[in-house]
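Student: For the first sequence, the working numbering gives the first residue as 1, with consecutive numbering after it.
Read the hints as simulated data drawn from the structure, not as lab findings.
Here the structure is a predicted model, which means the values were calculated and not measured.
Where a beta carbon is used, it is the ideal one built from N, C-alpha and C, also for glycine.
Each statement offered as a hint is correct.
Cut-off 20 angstroms, straight-line C-alpha distance, at most; resulting in silico cross-link-like pairs (EDC-like, lysine to aspartate or glutamate):
#1 Lys38 <-> Asp8
#2 Lys38 <-> Glu15
#3 Lys104 <-> Glu19
#4 Lys104 <-> Glu81
#5 Lys104 <-> Asp93
#6 Lys104 <-> Asp82
#7 Lys104 <-> Glu87
#8 Lys38 <-> Glu11
With beta-carbon atoms standing in for the labels, derived distance ranges:
#9 Glu15 <-> Asp93: 26 to 36 angstroms
#10 Glu11 <-> Asp93: 33 to 43 angstroms
#11 Gly36 <-> His78: 33 to 43 angstroms
#12 Phe91 <-> Gly36: 27 to 37 angstroms
#13 Gly88 <-> Asp8: 31 to 41 angstroms
#14 Gly36 <-> Gly88: 28 to 38 angstroms
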Amino acid sequence: MAAKSPSDFFERVWEVVAEIPFGSVTTYGHIAAHLGSKRAARTVGWALRAAAQSGLPCHRVVNRYGGLSGHAAFGGPHVMEDLLRSEGVSFVDGENDVPCVDIKQHLWVPGT
DNA sequence: CGCTTGACGTACA
DNA sequence: TTGTACGCCAAGC
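Could you build the full structure based on these sequences and the hints that come with them?
Tutor: Following this line, the structure appears as structure tokens:
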């Protein structure tokens with residue numbers, strides 16, 4: 001698709017997030033890499049915050065460790081986790097008793 | 001108009 | 001191996 005404007009970076013993130021299948025999750029790094037820059041993960045986070053306000057399923061986007069980072073943007077610390085569990089996403093205990101999404105089982109890659 | 005912060009990740013010392 | 005620094009892009013002050 002033809003590029004539009006420099007801020008199109010946000011729209012690309014939203015486009016990818018909107019294509020995440022039900023019950024699947026992806027990571028900031030994968031989205032950023034799909035956009036062209038692996039280190040743009042931070043910018044992806046900014047776009048996700050705006051995505052939450054756009055009504056996109058940004059709760060399907062987690063960090064590299066499967067940890068839910070943007071729970072604050074959902075208005076509740078357990079909203080994001082509950083949404084993922086409602087979609088059938090499995091949670092695994094992290095190395096610090098921290099529940100993380102089983103990305104190994106639900107990881108979805110942009111372009112699939 | 002310029003510096004700092006921010007839902008991360010990779011590279012290097 | 002662990003810790004620190006850098007990079008990406010946009011918004012806020």
